[in-house]
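2 protein chains.
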Amino acid sequence: MKKLINKVDDVVVESLAGMQAAHGDLVRLHPSVKGVLRADAPNPKVAVISGGGSGHEPLHGGFVGFGMLDAACPGEVFTSPTPDQMLEAAKAVQGGKGVLFIVKNYTGDVMNFQMAADMLAAEGIPVAQVVVNDDVAVQDSLYTAGRRGVGGTVLIEKIVGALAELGAPLEEVKQVCEKCNAQVRSMGMALTSCAVPAAGKPTFELGEDEFELGIGIHGEPGRQRLKMKTAREIVESMAEVIVNDLPFQKGDEVLAFVNGMGGTPLMELYLVYNDLVRFLNGKGIQVARNLVGNYITSLEMQGCSITLLKLDSQLKALWDYPVHTPALRWGK
Amino acid sequence: MKKLINKVDDVVVESLAGMQAAHGDLVRLHPSVKGVLRADAPNPKVAVISGGGSGHEPLHGGFVGFGMLDAACPGEVFTSPTPDQMLEAAKAVQGGKGVLFIVKNYTGDVMNFQMAADMLAAEGIPVAQVVVNDDVAVQDSLYTAGRRGVGGTVLIEKIVGALAELGAPLEEVKQVCEKCNAQVRSMGMALTSCAVPAAGKPTFELGEDEFELGIGIHGEPGRQRLKMKTAREIVESMAEVIVNDLPFQKGDEVLAFVNGMGGTPLMELYLVYNDLVRFLNGKGIQVARNLVGNYITSLEMQGCSITLLKLDSQLKALWDYPVHTPALRWGK
Chain F
1309 MKKLINKVDD VVVESLAGMQ AAHGDLVRLH PSVKGVLRAD APNPKVAVIS GGGSGHEPLH
1369 GGFVGFGMLD AACPGEVFTS PTPDQMLEAA KAVQGGKGVL FIVKNYTGDV MNFQMAADML
1429 AAEGIPVAQV VVNDDVAVQD SLYTAGRRGV GGTVLIEKIV GALAELGAPL EEVKQVCEKC
1489 NAQVRSMGMA LTSCAVPAAG KPTFELGEDE FELGIGIHGE PGRQRLKMKT AREIVESMAE
1549 VIVNDLPFQK GDEVLAFVNG MGGTPLMELY LVYNDLVRFL NGKGIQVARN LVGNYITSLE
1609 MQGCSITLLK LDSQLKALWD YPVHTPALRW GK
Chain A
1309 MKKLINKVDD VVVESLAGMQ AAHGDLVRLH PSVKGVLRAD APNPKVAVIS GGGSGHEPLH
1369 GGFVGFGMLD AACPGEVFTS PTPDQMLEAA KAVQGGKGVL FIVKNYTGDV MNFQMAADML
1429 AAEGIPVAQV VVNDDVAVQD SLYTAGRRGV GGTVLIEKIV GALAELGAPL EEVKQVCEKC
1489 NAQVRSMGMA LTSCAVPAAG KPTFELGEDE FELGIGIHGE PGRQRLKMKT AREIVESMAE
1549 VIVNDLPFQK GDEVLAFVNG MGGTPLMELY LVYNDLVRFL NGKGIQVARN LVGNYITSLE
1609 MQGCSITLLK LDSQLKALWD YPVHTPALRW GK
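Protein sequence lines correspond, in order, to chains F and A.
Just so we're aligned, residue 1309 is where the first sequence starts under the working numbering, counting upward by one.
Just so we're aligned, residue 1309 is where the second sequence starts under the working numbering, counting upward by one.
Pulled out of the complex, with its shape left as it was, chain F reads as follows (with noise of 0.2 Å):
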C-alpha cells in the first residue's frame, strides 16, 4: 500500500489543511474541533450540517458553501466524528432559524449525531435531523442497521442546501430532505479494493477476474461477488434493482447520479452513464438532470455506484438553484 501521505496519524488533518488553502474564499477550519465551516457563516438560515468518516472525499467537506452545507465534520478515515465536532460546528455556523443534521445511516454517525442534538436543543438551539438511507444493496450491513447512506446523500445536501439558502424555516428544510430520502435508491460495485492509511493493507481481496456487486463504500460486503461482465451487464444488474425498488415508473423523471469510488477513469464512469441512459429509456424512464464524476468516494477503490433520484418541479428547481462550494459549483 502506497499513498502520498506524511504520518498516518496526520492524513485528515493535512488534507483538510491543504483544502482550506486551496478554497480559503469558501471555507475555513474550525479553530479547535476537526470542522469544515462556510467562510461567511453564521447566516440567517437554517445551518445545514453534514458530516462522517474521511476518506470519501469531496463528501463532505467538498460541499460547504454557499447553496449546499454550512458545515462538515469530518471524523478520521472510515470513522464517525464525535458529537463534541457536531456540537461546536453547529454553534459555530448557526444564525438563529435552526440546525439540520443530514446524516448517513451507519450505527456510529447515528448514535454521535443524536448526542450532539441532544446537547445543542439542551442549548435552546432548535435541531432537526435526517438519516439517509439509500442503498437497496443490502438491509443491515457491517456498520449498519437497515440501509446505508451512499450516493443519495450528495443529492440531497445539494437540494436541501438550496432550501435553506433561500430562506426556507427548519420544518420545510427537514420535510424536503425526508422526501428526497424517500425518492432516490442506490447501489453500488468494486473491482478493487481500498486500503485505510491505518490499516496498511486493502480492506478485502477480490479475485483478478471478480467483482463485488453492492459493495458499501466502506468496503462493506455486497450482495455477491460474481466474475466479471461488461460495463452493460453490470449497469443492468445494479439499475434494475434500484428501479425495481422505488418503484421507478414510466414516464418518472429523474436525476441520474454515476459516481466513482475513488480510483475509477472518468472514460470509465461516461460509458457506465451511456449504458445507464439506454437502459432507463428502454424502461420508459427520463433522466432530466444528471451529475457524472468523484463525489462519494472510498479512497482509491476502483468501481462505481449508480443513484436514482426520483424528480418533481420543486426538486429540479431546487438542484438549479446556484451552488458554490470547492467541488460543486454552478450559477455563480
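Among the clues, some could well be false.
Pairs involving identical chains hold if they fit within one copy or between any two copies, as the list cannot separate such chains.
What the hints assert, rightly or not - Lysine to any residue pairs mimicking SDA-like chemistry, simulated, CA-CA at most 20 Å apart:
id: 1; residue 1: Lys1315; residue 2: Leu1534
id: 2; residue 1: Lys1315; residue 2: Thr1538
id: 3; residue 1: Lys1310; residue 2: Lys1535
id: 4; residue 1: Lys1640; residue 2: Glu1473
id: 5; residue 1: Lys1315; residue 2: Arg1586
id: 6; residue 1: Lys1310; residue 2: Phe1512
id: 7; residue 1: Lys1640; residue 2: Tyr1451
id: 8; residue 1: Lys1558; residue 2: Leu1521
id: 9; residue 1: Lys1535; residue 2: Ser1545
id: 10; residue 1: Lys1537; residue 2: Ile1313
id: 11; residue 1: Lys1537; residue 2: Asp1317
id: 12; residue 1: Lys1640; residue 2: Trp1627
id: 13; residue 1: Lys1310; residue 2: Thr1511
id: 14; residue 1: Lys1509; residue 2: Asp1318
id: 15; residue 1: Lys1310; residue 2: Glu1518
id: 16; residue 1: Lys1640; residue 2: Leu1599
id: 17; residue 1: Lys1640; residue 2: Arg1597
id: 18; residue 1: Lys1624; residue 2: Val1321
id: 19; residue 1: Lys1315; residue 2: Lys1535
id: 20; residue 1: Lys1509; residue 2: Gln1483
id: 21; residue 1: Lys1310; residue 2: Leu1534
id: 22; residue 1: Lys1310; residue 2: Glu1541
id: 23; residue 1: Lys1640; residue 2: Ala1625
id: 24; residue 1: Lys1310; residue 2: Glu1513
id: 25; residue 1: Lys1640; residue 2: Asn1598
id: 26; residue 1: Lys1537; residue 2: Gly1592
id: 27; residue 1: Lys1618; residue 2: Leu1599
Please keep in mind that the hints were generated in silico from the structure rather than gathered at the bench.
Every value quoted in this text rests on a predicted model; they were computed, and no experiment measured them.
Got chain F; can you put chain A on it based on the hints?
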C-alpha cells in the same frame, strides 16, 4: 486488469456518447469524425482547438464550452487523433476569425496537427499552432523529441480560451498562448501503473515500495525509480526542480496546480497541495490562484503532478474569466 467497459474497440466512442448524453447543453459530437464540439459553435471568435490520445479525461473534451475550447479531437487511448479529425472539427467550429491549435508535444500529435494546419490553410482558413512542452522531468522521451506537454496544457487552454472568448485576434491569442507556455513548468510522479484497455496489462511495473519520479502521462519513464518517501519529500523533490527550471523567484505570483493521475484520492491531493504551499511560501513565492483535482489523468494511474504557472495581471484576469465546460465551471 478489470475495467468498466464493453468492447475494447468501443471504449472511446461509448465514453464520448456518455459525455454527450450528460452534457448536451455544452457539447455535441461531430457527426462523422470523433470530435467534441462546443454546442453553440461556430461563434464569431478565434476557434481554440486541442486534442490528443484519450485516457487523460477530462482533458480535452471536458474543457469544451464557453471560455475554453471550441473543439477537442480525441484519439484512441494514448494514440494521436488523425489530421482529418482535426480538419473536420476545425471546419465545424471556426467562425471566420481563424483557428488556434493547442498541441501537446508528442511526435504523433505534432505531426498530425501540422498536417491539419496545412490542409486548413490550403482551404483559406487562418491557422496558428502552439506546442506545449512544460514537463521538466526529461528532455526527450518515449514519444517525444524535447519536453513533453502535460499539466500546463489545462491552464493554457483555460487562459487562452478566455482571451478568444473576449474577441482577441488570432495573432494575440497565439502570442498569449506562447507566453503561458514559456511561464509554466510541470513534473509528475506515479505510485502505480495504468493499463491501456487494448493492451490488457499494466504499462510498467513498480515495486511495492517504489515510486517513479518524473513519470509521463502515458506511463513513459521518468527520471528515477526511488524507494517510497513521504508526501512532503516527494513534493519537495518535484517542486525544487520546477522552481529552479524557469526559475520561479522570490516575490513571484503563481498558479499552483496539483493534478491527480486518475487513481489517487482527492484527500491525498489536498495533502500534497498543503505541502506544496508550505514549500513555495518558504521560497517567498506566493500562490495567487490554484487548482486541485483530476484534470489531466493517465487512466487509473495512482500519482500526481505539480504545475506552476507564473502569473501577471493579464493571466490572472483571464484565469478568473467565466468558464462553463463539463469539467471546469465558474462565473456562469
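Could you tell me which of the numbered hints above are not met by this structure, giving the numbers in increasing order? 7, 8, 18, 20 and 26
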